[in-house]
Structure formats: C-alpha cells, structure tokens
Amino acid sequence: MRSQFDYHRPDSVADAVRMKHELGTDALFWAGGTDLVLQWKAEKIKPLHCIDLTAIDGLAYIKSEDSILRIGGLTSLSEIERADRQDPYLRTLADVARLMATQQTRTIATIAGNLCNASPAADLIPPLIAMGAYLRVTGEEGSRELPVEQLMLGPGRTCLHDSEMVTEIYIPRPTQARASSYRRIDRTVVDIALVSAAGAITLDDDGVVGSVVIALGAVAPTVIRSARAEAMLRGAVLSSMSYADLQQVGEAAADDATPINDVRATAGYRTAMVKVLVRRVLEDISRSLTGEPE
Amino acid sequence: MTKLTVNNKTYEISGASARTLASVLRNDLGLMGTKVSCAEGECGSCTVLLDGKPVTSCLVLAGQAQGRQIETIEGIGRAEELHPVQQAFIDEQGFQCGACTPGFIMSAKAFLAENPNPSEDEASIAMSGNICRCGAHPYIVSAVLNAAEKMQKGRES
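Top line first, the protein sequences correspond to chains X and Z. Reminder that position 97 of the first sequence reads as 97 in my numbering, one-by-one numbering, no gaps. Take the position in the second sequence, starting the count at 1, then add 1000; the result is the number in my numbering.
Okay, chain X solo, but in the shape it has when bound:
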C-alpha cells in the first residue's frame, strides 16, 4: 500500500536541514517532487515524512555574473528554459531544459531535484559536468562544495549525507572562450533520454583544445566521462578535424560506454548512438567556437 506521510513545511534551509537530521531516512526533501510522487505512487519509496522545500524563499534564482553563473537549487526547469540566451552557458542549459518532460512538469520540477534524483538518464547532469559545475550543499554539519561530477554514486544514489540539500549550482567561467553542447536520442519531445552526450571545450590562444570534457548519459550506472575521447581531443585543432576524425572520437567514447539492454533501448543501439551523438556535440561546439550561427 502507498505510505501515508506527514507533511512538513519549513521556511528556511536551516529548519529544513534540522528537520531532516531529526527525522532521518524516513523523511525526504521534497523539491518539485515530480519524480518522488511517481515513486511514491508506484510504492517504490514509502516515506513517512515529506519535507516540502517550496516555502523556502531565496533559493530560486539565476545570477549571471562575469566570472561565475549561479543557479539556486530550487530554480524550476521552466525558469531555466526561459533564461537569458545571451549567456552561452544558460543558452545550453535552456535548450536542455526545454527537452525535459512536459511544460506542466517543468513548472514545478527543479534543477536540484533533477540532480539529486540521480538518474543515469538525467538530462542536466551531463552538460553540468561538461561545463565544470559545482554544487553548494548545506547539512547539519555546515556547508560544503563539490563538483557535480562527484554527486552521483549509482542509479538513485548520491554522495550527499543524510541531512544535506543542494542549495546552489554554480559554474565558474574560464578566461578563454568555451563552448558546450548537449544532444540526446529520444522518441518524442516528452521522453527521457535513451542515450545522451554533452561536451564542453575551451581553446587556448593558438586555437588548440585546452580543456575538454565529454560526458555520457544513460550508458552506465552513473553519468560518466569518456577519458578516451577527451584524450584524443586534448591538444587537437578542432577546426581542422574532419568528419572522419570526429567519428573516431565518437568511437573512442563508445568504447567507454557500458550500457544495458532495457525496455527503452538495446545496449548495442545505445553504444552506436554514443558515437553519433559525440560527433554531433563536437560539430555543435566547433560551429559555436568559430562563430557560425546555430
């Protein structure tokens, strides 16, 4: 049977964290709750307490500053979808948000919720890892920061301690030009990713690839980085790479993927699509770095 739970409505992060600490693992932080409600209805989770974060003021914001982009943990996907397209990071994230679920879900679903739900297919995790994003989390012991890359431990599992919640996602901006892209395979606009890839690249002054991150979704228990693809790109001149060169990088990324067969796609299909998606991501980034229109 579906669990019956008590509803709590703290109005500050400190109160929320204290409640969670006191109530323990029978309590769940409820951000938008769009994933939790489904798991609760399907009896996959049986919470005894819901700590609704809706009434906490000041955690829904997008601050685009010169050296850093800050997004409050309770910012809705709908707000991200409508963010300022002049900011290249926000443009990438807005394009990702638009792909996620339905408009009605995006109104309440939050960025921190998408991260903490820790699905290998979570749409926002690969681009945030690629862009070098960090999380600010607050718990009973105080606040700390960690790279988004370290958050996920497995499907539905994160490294957050029991009373910790994500209050902010931030992305430091490098001094060099950086471009990013996210691509996925899906059946329809409201689908979740069957397989996804994101990349972000900065160029050194001589046009050589300086830093590069290639992140893959839905091909392993967590979102992963492709060390093979990144190694091939580091030090390369992206603008002079041919279609065949980019295909090879895609193949290298496919070698790092360890997908499963499930009702949504076969492992073979997912591996084949990694190759295609990584090439497309690199083509997007290349266009964007040379200033060609999208």
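The hints are simulated quantities; they were obtained by calculation from the structure and are not laboratory data. Yeah, the Cβ is synthetic: ideal placement off N, Cα and C, and Gly gets one too. One or more hints might be untrue.
To be verified - Using C-beta positions, here's what the derived DEER-type ranges look like:
hint : chain 1 : residue 1 : chain 2 : residue 2 : range
1    : Z       : Glu-1012  : X       : Asp-26    : 24 to 30 Å
2    : Z       : Asp-1121  : X       : Arg-144   : 55 to 61 Å
3    : Z       : Arg-1133  : X       : Asn-261   : 29 to 35 Å
4    : X       : Ser-143   : Z       : Glu-1081  : 50 to 56 Å
5    : X       : Thr-175   : Z       : Asn-1117  : 40 to 46 Å
6    : X       : Ile-68    : Z       : Asn-1117  : 35 to 41 Å
7    : X       : Ala-244   : Z       : Gly-1098  : 53 to 59 Å
8    : X       : Gly-142   : Z       : Glu-1149  : 54 to 60 Å
9    : Z       : Ser-1037  : X       : Asp-87    : 50 to 56 Å
10   : X       : Pro-155   : Z       : Asn-1117  : 40 to 46 Å
11   : Z       : Asn-1117  : X       : Asp-84    : 48 to 54 Å
12   : X       : Lys-63    : Z       : Ser-1037  : 35 to 41 Å
13   : X       : Ser-12    : Z       : Glu-1081  : 44 to 50 Å
14   : X       : Arg-157   : Z       : Ser-1037  : 52 to 58 Å
Starting from the known structure of chain X, arrange chain Z on it as the hints suggest.
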C-alpha cells in the same frame, strides 16, 4: 490545515497537504472538471494553473500549492459567456470525447498569456504536454490559433 486558494476562493481543508492536488480538488472541493487519466504526469488531463503556470495536478501535493493562486477549468468562463479559448475549442471542434479538454484548455490559456500570437509550430509544441486519445490534435492546434486571434481582436476593440 491546508489553506488553498482556488478560483479566487479560499478553502481550509484538514489532512490534505500530503495528498495530490488533483485528489483534493476533485474529492474535497468537488471540482470534477479536473480529470485524472494517467495519474503519472504524462497525459496532461489534470492540468491546472498555479500562479498562471500550468502544472499536472496529479504530481503536485496540495501542501505545495498553498500560498499560490490555483485556477481550474471551473474558474474559466461561464456557461452564458465562454472564455475565448473555450469558444475556440467548440468552433474548431477541438475535441471528441472531451476527457482531455479541460487540461488542454488550461494549457492553452497559460500558453496564450505568454505567447499571444503563436505560430502553428509553437502552438503544437506548447500542447505537447497534453494527450488526446481521440486524435483531435490538429483541431486542437487550430483552436489555439483561433483563440489567439479572438483574444487579439478582443484586446484591440
């Protein structure tokens, strides 16, 4: 006590916060216009507006909706004076069985408030969070465009 403001009326309901908004609207407030079909946030038939923005009320806890303006199909138009979106759905025959219609109308109303003069593509994408099993989608998109035109004229006159 859960305090909800629905269609400009305030209600206090006990034991409602940890239930879905859809359930409270229908079972406690008797607002049966909000239809629950999939109950999984996929089909959009339970769409209501929270502060003017569409949500699937089967995914929202009633507790989360406190302090916000909730608008349901019952809050739109009157039998003798339909909302332009409602009239447009009739004029374009944007439904067959009608079960999805309240959800579509709520989504369309929120969409047209944000984009009063949409293209056909924009209207079609905006309606992608609602599903019509009878297959009236092309007529529904026509209804949204028709409503946009009517509302545009209404503003000019």
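Each hint, compared with the structure:
no. : hint                               : in the structure
1   : Z:Glu-1012 - X:Asp-26: 24 to 30 Å  : 28 Å, holds
2   : Z:Asp-1121 - X:Arg-144: 55 to 61 Å : 45 Å, violated
3   : Z:Arg-1133 - X:Asn-261: 29 to 35 Å : 30 Å, holds
4   : X:Ser-143 - Z:Glu-1081: 50 to 56 Å : 55 Å, holds
5   : X:Thr-175 - Z:Asn-1117: 40 to 46 Å : 42 Å, holds
6   : X:Ile-68 - Z:Asn-1117: 35 to 41 Å  : 37 Å, holds
7   : X:Ala-244 - Z:Gly-1098: 53 to 59 Å : 55 Å, holds
8   : X:Gly-142 - Z:Glu-1149: 54 to 60 Å : 57 Å, holds
9   : Z:Ser-1037 - X:Asp-87: 50 to 56 Å  : 39 Å, violated
10  : X:Pro-155 - Z:Asn-1117: 40 to 46 Å : 44 Å, holds
11  : Z:Asn-1117 - X:Asp-84: 48 to 54 Å  : 22 Å, violated
12  : X:Lys-63 - Z:Ser-1037: 35 to 41 Å  : 39 Å, holds
13  : X:Ser-12 - Z:Glu-1081: 44 to 50 Å  : 45 Å, holds
14  : X:Arg-157 - Z:Ser-1037: 52 to 58 Å : 32 Å, violated
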